[in-house]
Structures are given as structure tokens and as C-alpha cells.
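A.B. asks: Using the sequences and the accompanying hints, generate a full structural model.
Chains as they are written, first to last, in our numbering: chain C, 1035 to 1580; chain R, 1049 to 1318; chain B, 98 to 211; chain G, 503 to 960.
The set of hints was computed from the structure by calculation and includes no laboratory data. Mixed in with the good hints there might be a few duds.
Derived pair list, reagent style DSBU-like, types lysine-lysine, alpha-carbon separation capped at 30 Å [claimed, not checked]:
1) Lys149/B with Lys931/G
2) Lys1549/C with Lys682/G
3) Lys1549/C with Lys539/G
4) Lys209/B with Lys749/G
5) Lys153/B with Lys694/G
6) Lys1360/C with Lys1248/R
7) Lys1248/R with Lys931/G
8) Lys682/G with Lys120/B
9) Lys682/G with Lys1228/C
10) Lys931/G with Lys913/G
11) Lys940/G with Lys1083/R
12) Lys708/G with Lys1256/R
13) Lys749/G with Lys1248/R
14) Lys751/G with Lys1359/C
15) Lys120/B with Lys876/G
16) Lys111/B with Lys931/G
17) Lys882/G with Lys120/B
18) Lys708/G with Lys167/B
Chain by chain, the residues:
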Amino acid sequence: MTECLQLAGGKVYDPANNIDGDIKDIYIEQGRIVETPSATPRKINVSGMAVMPGGVDIHCHIAGPKVNLARKLQPEDHRLDPHPGTEQTRSGVGGSVPSTFATGYRYATLGYTTAMEAAVSPIGARHAIEEFHDTPVIDKGFYVLLGNNIFLQQLLREGRKEEFRHAVAWWINATKAYTTKLVNPGGDEPWKGKKNSRVGNIDEKSDVIEVSPRQVIDAFIGAVNELGLPHPPHIHCNNLGHSGNFDTTLETMKTAGDRRVHLAHIQFHSYGGEPGKNPKSASRQIAEYVNSHPNITCDVGQVMFGKSTIMTADSALAYTLRGFKKAKWVNADTECESGCGILPFSYQEHIYVHALQWAIGLELFLLSEDPWRIVLSTDHPNGGSFMNYPKLIRLLMDREFRKEEIKRVNQKAVKRTLLNELDREYTLNEIAIITRAGPARALGLKNKGHMGPGADADITIYDEMEDKEAMFNAPRYVVKSGNLIIENHEFRRDYTGKFLHTEPGYDASIVDQVKPFFENYYSIEFDNYAVDDSYLHDHEVIASSP
Amino acid sequence: MPLLLKQIAPPEVPLEADNITPDRITGQTPAGVEKLTVMHGNETRRIGDFFRVTGQYDGVINLQGDHLGRVKFIGARMSRGVIRVDGDVGEHLGAGMSGGAILISGNAADWVGPEMSGGRIEIRGNAGHMTGSAYRGADMGMTGGEIIIHGNARNEVGNAMRNGLIAIAGNSGDFTGVNMLAGSIFVSGELGIRTGAGMKRGSVISLKDAELLPTFDYSCTYQPGYLTLYFRYLTGLGLEIDDERVRGPYKRYCGDSVEMNRGEILLYSG
Amino acid sequence: MPETMLLVPGRSSKQGTSLNKGKFEDEYQEITSLVEMNEEDMVRLGFNNGDKLRLKNPVGETIVTCKSKKATDLPHGMIFIAYGPGSSRLMESDTAGSGMPLSKHLPVQVEKIG
Amino acid sequence: MSGENVKIVENATCTFCGCVCDDMVLTVDLDQKRITKAKNACILGRAWYAEHYIEEDAPAAMIDGKPASIDEAVEEAAKTLVDAKFPITYGLSDTTCEAQKQAVAIADIIKGSIDTTTSVCHGPSGIAFQGVGESTMTLGEVKNRADLVIYWGGNPAESHPRHFGRYAVTAKGMFTPRGKKDRTVVVVDVRKTPSVPAANQFIQVKPGKDFELLWALRALVKNRKISPNIEEITGVSLETIQALVDKMKNCRYGALFFGMGLTMTRGRHFNSGALIALATDLNEYTHFVAKPVRGHGNVTGADNVMSWQTGYPFGVNFSRGFPRFNPGEFTTVDLLAKKDVDAALIIASDPASNFPQAAIDHLAGIPVVSLDTKATMTSKLAHVAFRTATYGINTAGTVYRMDDVPITLRKAFDSPFPTDEEILTAIKKRVRALKFPKNQAGDKVPPGRASQKEHWKH
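C.D. replies: Structure follows, in C-alpha cells:
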């Protein structure tokens, strides 16, 4: 039951509509924002509070096969962070990989109302959607992993670009994905088939698939832009985490030319130095390239100190990280299309590399000239839990606080960055951009990230406070699709949220090409592969514009 | 005068009583203590529903009753004072405790002193499985303190223990000292099978011979000097060790070769 | 003197197919009370195919029917039974902090009855 | 008239064992309500379909052995569960994920315990996973890539008959075009099972010495020393062990499958853990994976649903208002044998016939609510017994194969009985109403995907 509401007297931060802290009433009816309501609204006095669109997480890992493996893996992490239920809400557990219910409620308690799972294998799509059904409050969708899909690589090898595009679109439809995700494109075959080796340079052709990572990247950028998906290919570059990888990152961006592309957790891809040796910061080179190329959006993948969980389709990377501590580790190969690696992790202030990663993330935020194209993320839970967002916001908004925090970390690492020279402080308006308006625009979600008439009534209202961490930690009100979910910091009702996906057009005859491959090399039947509509709960198709 | 909790009603289902610790009852009157909550299955009840509380806390809490074996989490996370139980106790005794002492006249169920970091637990009877161990999934069990069992203990004594001492006058079960990182385990009686599997460092000492895993390597038979001191300390804790066994000799095995091979198992071979 | 042998309960195709017919049907009852034994052990102990045996341990006991198995397929001293009510009677309930009762390799005393 | 009203269901999924083969072609006689043919099914699958019939006369619900209406039974079940101080929900491996989700919701609302048949199957492997992790795969990777396959402590020829042909031994794939000829198969077991003939090599280990053998393999893989008495200990010669180590290190893609010969014997989770750790160790040299060969059709789905809803795969307790996990404390055999629980909701499982006697004795003394497709020992002792439709034959829904691949079920024909999901959803609504009488607006979450109608009411 959605309500007719008047949010009265708040300071409104709606950067998409050029509203920066103006006092303004917001009206809500039928789950949407309206100019003037047709009925008498329930008036909520929000004067002295900051009113923002609901937060949008463009890159996190919250549902699907690898997330659930990571959950199963860590009872010790859940035990310390129980999430009690209420009469309205289900119980769960937290930790760095919370249960589905806790994930949804906790996003809501930070004022986030949309989150995109950034990596689901096609065969695991049904699983991800089932988890989404149990992930309350937030709207959600996922990016489907296609960058190591053997059938698609075969099409590329044979130069069948047209069919490639149709096949990509078929896969998006079959899995009900939002866009394509490339993770370490072309890197699975070396990992699975060549005694755990990895991709070096992106022009190197695998001797099995005979296609280079650059060809894969180029083809996806081409196909997805031609299909007109609301969000371009979402790319996790090759060589994540390795010293000297900024070069791979630059090459990946150059491959795009002036075509749209999103680079995921770019912090992990901004390292200088020699491979195999300690990294240095290359954030300046990366930031400069991004600043001067308006076709590029990125999210940061900020590292936050404390417990995290590495979970990535970049299995080779997880294996490398496992080498440091030899503690529990998961690798899961997915036939013909993907795989993942998982390990519990902890970022520590005194460790050079961890401190450097933390500093590089902050550098990227502070060096970025266009807040619309750099999105706040921790690559949850890889760089740390999304529950760290309020602290990260304070690090960006509060120079003095940042200085104190800088003093606590490995100084050798700090000295190798520009961090001490960067005095910039983000404004509330800029925070509203990097956490809401920007990611919504990058995702092509026209009804999100702003509060103009017709927008989804996803709204968060914070008490204005000096301590921005405290402020962003506890919104007083959260409205989701017009429902007052949190009122005076308390959950008032449960709500499922919507599932967001796309339906790009394609030539149906492509199925005749996919099917024989499938029958030979997959272990389930082709007709049981695509996710049917019965799995969709409340959902919305976001239009493609080819 | 200790604070006396006398059990007046047997619980119908397990009782979780993590409020029964010196840390929680300090400064409370007996009536105040009776008002503290316990979980009786899924209902929240009061200590007074199950115990009559008398006396005054003078550093010691005394529990008496015939059905204490269904009371879990006694002394969990305690940091000081003494809990004396006349009878048996349920699971998770002294879980995560950091100081103080717990004395049990009867038997204890599974999980005695899991992940404890300090203090002492002494059990006159037997203990269940997983004494001084890690909980599932965790990479570290007991990190300090002492557990003395006068009877037998069962499987996984000291699983992933990092520091401290576990002494067992009777037998231990399988996987004693499994995944041990450091610390000492002493067993007077028989060891179960697969002692020290996956141990990185630490010592397991037994007064009986035992069959060890194929990844433990015999290094020598000797009379380690430090054992005299060690045994004197154990006798001080009330364990009986005769002079012959104090003298040795002991067979020393090192392992686990699957791990770092820096742990040791000493078996009496007089 | 009853002989101590190692009982290995496990799945078998027949147990699986008869399960579908129903646990109260004779076929399931029969299959889950049939114990396979090394033929040489049977000769040594004087057992014949179809003999009724009592399997007993400190937990409980059950009556089974004996069936020979080639000496190469089942080691000496080991007997096999399909999971079912019979094997349950001999299982201890302690799970050693795992949830799993020891359900295979149960030492049992074996003696012929009747 | 039989034989005229016939329907063919293609790509149907057999839910009898964890192979969850989804290539069944079912011939359904709609008049007789029988499946007359199941093309592609194995011996177990054929029996699963052939023996499936609807007992039209059986009451859909019984209270204390007497027929009752479903509404009455739901009400009585809800009261029984809400009144309990320590209720347990158990079973769940032979039903859909949609039903499993409702069961977890009930346990959450009534603050009870919930556990699945995992705890007496590969629960120890789950514990091992939490300690060690696991290098693993979907079964198609084995079909496409594995040139070395080792089965340890399992007998798939009888428990999972199509495992060899469809996934792991004779299956032909991308880099294994000649199937069996392109791979080496080893079976390790205490006895020569019917699986042994499929293998190139059989290694017979002494009963109860799997851990010692696995540990010796781990040490040799790492080039460490082991006891010269290894043959005496394990029954396997040092040469054989070393040869296996060489084979494992030098393969291109190795896979270790393991069964309950490891989980159900002394050592339990450490046995599984040793095997998983061995596979992990081998990744220093080549690509190596391991996988438990799971049993019941959707036991893996139960693990998944439990994990995403509670954070833990089995053995969960909600008595404090949030999930806690502790096998040995909150697992069903323990809770029953220690007489801790005072009511039970048993779904698609028969603990009264296959649990240790001490556990069965306590179950017989407490009020039990049971859901099953046919009469069982458990339904016979139940206070409230529901008869439900068989998943995969009479219901749609989702199941997870042993390798966590989710598959949608296709219904072959209707059953007069409600589904597990329908009954559990109804019980959930009633327990919520009884528990939170003032908050009837609480359940804003739409019903599960398969529960569009409560058809038994019409």
C-alpha cells in the first residue's frame, strides 16, 4: 500500500534537477514523485533535514551462487553480527556477506534503495533472482558474466560480429540480466585449462580460444552499444591487483575509443610498479584519462580497513591472494562460461599494500573532476562491506577527519601517493551525485537518482549533522516506491522491491547456433537453461535504445 | 558469603543462562539477580523462575541443583570472580571467558571454554567434545587460560588452540590438538586417534603410548628438562603424576608434516 | 562366542528402487534386512545363505538374513547392509559436535539364531 | 479409458538423486494418472516414476490418525508449533526451494530450530567446507575437461547411476572428445563396490583409514615425509600412493568426488576436510577440484535456501530471534536424542525410520506435524499429518543439482493433494497471526512464485 505523502520543509539535494540544498516540499503519490498530489497527503515535517533520492549502488556482490558460497563459508563472521527480526521484518545475519534479508534491510538503513549485483554467471541467474526475491526493500538487478563465454569467443574467433551481438542479446534475455559484465576477459581458459596460469597483456591470444582479451573487450563494447542497453559493458579489467596494471587499464579504456564503457572498482586497477613487486600509485594517470574522456564512467572500489571477503569471477586473482595466508579458499569453475574465487580477507592499516590501496581509492575520488562519472563503491564485500559507506563519505567530506585517519596508516604507503596534498572536500551535493544521481544516470535509470515529477519515490531523509558518518549511518526516513519503510529510524513495514532487467532485441534464429554448442558442452538441457517469467516478482524492464 | 543460586525447577527445554556471571551480577541484590533474564528455549524468562537466589556475592557464585546439565553458557564471557557449580553443567561453559575461575563438581557437556582467552576452568568429572576449541569456521580456538579436566574429555580437545593449557587426567577422544597453532595439551590417560592432525606448533604430552598419524616423525627418546617444571605445575593444579613419569623418558614426535612440522607430541615410554 | 564384525550400511540400487514402492512393502523390508558377508567368513562361521543372524552392539540389535558375497568383493570381517530400520537400531546418537551419528563401520557382534 | 489421454513431457527433471538429470522424456497417462515411460531415466529414476501413483482415497490431512480438513489441520499444526518452546523443523531435501523458503520463514517466526537431511548426509562436508573452503566446479566442467576422476568412499553406480555417463566417466566433452578414453578413473573404497568395474584402478583402503591415506597423499603431494609403515596402517603400498600422487600432479584437470564413506565414519568432517584440502593442495601443480556426491534430489537446494536466508547451511536455531548455527547442538539427531525439543515439523523426510533409536524414541513422545507424499513411519506417529503432491511430478518449482546448478521442474500431471509450499505457506500465515495478533499488516512480501493458488480449496 503506497501512501500519499508530503515531505515538508526539508533541504533538498537533487543534483539532476539542479537543486542544491533548497528548501522545498516533495509530494509522493502512487509510488511516484508528483508536482501536486490529487488527494490530501499525509504531511511529514522534515525541516532541518537533508532530503535526497535513495542511494544507488552500481557495483556490489549481494546475490547468486558465489555470494551464497561465501555466506556458507563464514559462520564465524555471521556469529558476531546477528540481525534480529521484528514483527515486520525477517531475521538474518550480518558480517561481510550478510544473509539476503539482512542485506536488504541494511542497505535501507543507510538510505540505499537500489543495488546492482555485479557478476552472475548465466547458469546461476535463476539462483540470483531467487535470492533477490528474499532481498527486501531495495530494487535490484544483475550484470551477467559473458566475458569468458566460450561460445561467444568462438563467434569472435570466426569474425561473426553480427551473430555475436544477437547471441549477447539472447543471453541477456535468457538470464534476465541488466547488462553484460566482463571479468578478466579471456582469462578463464588460462586458469582452468593451463595449470592455473593467467593473462599477461591484453593483446596476447589464448592458444585455446585464439582470441585476445582486447578483441573480447572491443566486441562487447561494440555489441552492447549497438543494442542500446541502458548501461554499457561493465568491465573488470585484466590483471586486477597486480603491480603495474594501470597500463592494462589504460589500454582497456583506449579500446573503447569514444564509446560508452563502465570500469568497475578502478582503484584495484590503478597500480604502478613492477609486476611481482610492491605496487605504487598510478591514480593520477588513470584519473587524467577518465577526466578527459566523457564516455567513461567508473566506480572506485574503495578499500576500507577491517574484515572483507574477496569474491570474484577472477578466480586466478583469488588464488594469488590465497597464497599469502593459505587459509580457507574457494574456487568454483562454471562450465563454458565462468567461475569464481572466494576467500575471507582483512585490510590492515599497518600493511603497506593495504594502506596504499586505501590511499589510491581516496586519490581517485579527490582527483576526479566530474562527480557524475565516478561512483562511490567498495566493491562490496571485496574492498569492505557496504556498511562502510557512511565512513567513506566522511573521509571525502571532512578534510580534518581524513588527515587524522591518514596518520593511522602505513606512512611509507601514504608517502607514495598524493593524498597529503589533496585538500578537496566533497559537498553534500557532490555526495548526492556520487551515491545517487551519478550511478542512476550511468545505469540509464531515468526514474531514479532524482526527485523530479515522475521519478520513483525512493527517498532518504537524513538529520543534518556535523559528523557526516553519523548522519549517513542513520536516515530518519526512508521511502521506497512511495512506501514509508523507515520512520524515525524504525522499520514500519516489509517490502520486496523490484527486479530490474533489460530485453534487448535480437534475431531469434541465433538460438539455432547456440543450441548445438549447448547440447555438446553443457550439462543441463538447453530448454531448461533460460529463466522463465515465473521467477519474476515485481519487476521493471528498463528500455534499450538501439 | 557466596551468592547461592539453587535450582528450584527443572527447565523443560534447554536454558541459556549467559547472565550467570560475576560480571553481570556484581552490585545486584538477590532479588535483582532473580530478575535477570534467561532464555528458556524461545521464551525470555527470569533467573528467579528457575533458581532461588540467596546470599551475597563476595567474589563467588555458587550454583546447586540436579538439572544444571540443561543450563548452557554458564560463565560465558566472564572476566573475573568465581563460579562454583555443585552438579553437572550444559554446553558452552565459560565460552569466550577472559578471566576468573569456574569449578564444576560434576560433568560438563560439549564446548567447555571455547575460544576462551584467560581464566581457569576446572571440571571434576568428564567433559564433552570440543573442549577449548574453536567454533565451526573459526581459525582460532582457545587463546589463553587453563582448562583442567579430572575425568575424560572427548573429541577435538583444543581444536585450533593458539595458547594456554588444557590438562586431562583421564582419556581424550579423537583429534586431540587438531589444527593446533600453539599452547599445551596434557593427557594422563589414553589419547584417541589422529592426535595433532594439522597442528602447526604446540605440544601434546601423554603418559601413555599412542598410535600417531603417518605424518608425525619420530625424532628421539629423551628426558626433557622442562617437563619437571611443567609437571610440578600440573600437580599443583591437583593432577596426580608419579615420579617415574616425571622423570621419563619420552618419545618425541614432530609434525604435522602436512603443515609446518613444528608441533611436538611427547609420549611416555618408560 | 559371537564374532565381532564391521557393519557397513550403504545405498544399493535395490534399496533405492524398493524405497519408491513404499517402506511398508515386503520388498523394502526384505532388502533392508539382508546382510552381505564374505563367503569365506561364512564357511568359517558355518553360516549359509538365508540364515537368520542377530547383529548386536551396545546400542541395540537387529535380526537380518545372511547372503554370501565373493571374497574379492567384500573384505574379511566386513558385512554390508542397505540403509534402513535395521541399521538405525545399531546407531549411536552421539554426533561429536557434527550432527552426524556414526553410521558406517559399526562393530557388531554376529550370531546365528534359530 | 486408458492409453488415449496421453501427454509427453520433454526435458523433465528427475528428483530422485542429486544428479537431478533434466533430460527425462515422460509419457504420462492422464486418465490413469501414471507415468508409463521415462525415457533416459536410470534404474532408480524408472522406479521413481513407475511407482508414482496417487492414492486418491487417502485423506489430505489427518489429526491424531483421523481424517481432517486441511484448514483444521493447518490450524492445529500452527497452534502446536506456536505453543512449543523449542520446536524443530526438519527434512526438506525432497521438496522444492519454494517450499523450503516457507519452512525457514516458519522457523524464524516461531523461533524454533531448522535443520535438513544434510546434517546426516554431507553435513560433515559442510563443516569441512567452512574450515577449508573447496576448489570445485559444475559437473559440465568435469565432462568437458577432467582427464583424471577419482571417486572416494562412494558408490555412484548404485546411488547415482548416471553420474558416470552424463557427467564424469564416459561423458564426452570439449577437451575429452573420446570420453572414457580421454580420462583415467580411480575408485578408492573399503570394499569392491559395483562402481569399481568402471574404473581404471581400484585402491582398497582399510576400513576407517581414509583419513590416514588422504593425509599421506597430502604429505607426498607437498614432498614431505610419511611413515614407512604406511601400508600397514592403510592397506595401500607406498608405491601405489606415490603413483597416485604422480598421476594427480600430472593431470590437466583433476576431479575428486566423495561420498558418505567419508562423512559417516569416524573422523567425519575431518575426513571430508582432508579430501578437500588435498584438492586444494594440488592446485599448486595443476587444476584440481573436489565435490561431494550429494544424495536426495534437492538437498543442495535446502543448503542454498538456508544459507541465503539465515547465513548457515543447516543446524540453525532461532530461539533468540536471529539465526545461530552449531552442528552437534542444533542438529536434529542431537536435539532429539538429548530430548531438547518439544515439537517437530517434519517435511519430506522419515526420521522415524532412519534415525538412531534414541532420537526416534523422543520423536514418538512429542507432537509432530508431518508433510509427505505417502505414509511413512513418521507420518504414522504424527499428531498432524498432511499428504502432499510429489515435487517434480505433480508440482513445478526449483531444485538445485549437487553442483549448485538450479533447475526448474516441469509438472507432469495434477495431484489432488496440495503442494508442500501451499501447506507451509498456510501454516506460516497462521503462525504469524497467532504470534503477532496485533500486526496483521506485517506480511507485505508477495507469496512465493509457485503459490499462485490454493487449489485444494476449489
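A.B. asks: Are the hints correct? Go through all of them and say.
C.D. replies: Quick rundown of the hints versus the structure:
1. Lys149/B with Lys931/G: Not satisfied, since the Cα-Cα distance of roughly 52 Å exceeds 30 Å.
2. Lys1549/C with Lys682/G: holds (24 Å)
3. Lys1549/C with Lys539/G: holds (26 Å)
4. Lys209/B with Lys749/G: The hint is violated at about 46 Å.
5. Lys153/B with Lys694/G: With a Cα-Cα distance of about 25 Å, the restraint between Lys153/B and Lys694/G holds, given a limit of 30 Å.
6. Lys1360/C with Lys1248/R: The given pair, whose Cα atoms are some 13 Å apart, holds under the 30 Å limit.
7. Lys1248/R with Lys931/G: violated (52 Å)
8. Lys682/G with Lys120/B: violated (37 Å)
9. Lys682/G with Lys1228/C: holds (21 Å)
10. Lys931/G with Lys913/G: holds (26 Å)
11. Lys940/G with Lys1083/R: With a Cα-Cα distance of about 27 Å, the restraint between Lys940/G and Lys1083/R holds, given a limit of 30 Å.
12. Lys708/G with Lys1256/R: holds (25 Å)
13. Lys749/G with Lys1248/R: holds (28 Å)
14. Lys751/G with Lys1359/C: Roughly 22 Å between the alpha carbons, so the hint for Lys751/G and Lys1359/C holds.
15. Lys120/B with Lys876/G: holds (10 Å)
16. Lys111/B with Lys931/G: violated (41 Å)
17. Lys882/G with Lys120/B: holds (12 Å)
18. Lys708/G with Lys167/B: Holds. Lys708/G to Lys167/B sits at ~18 Å (cutoff 30 Å).
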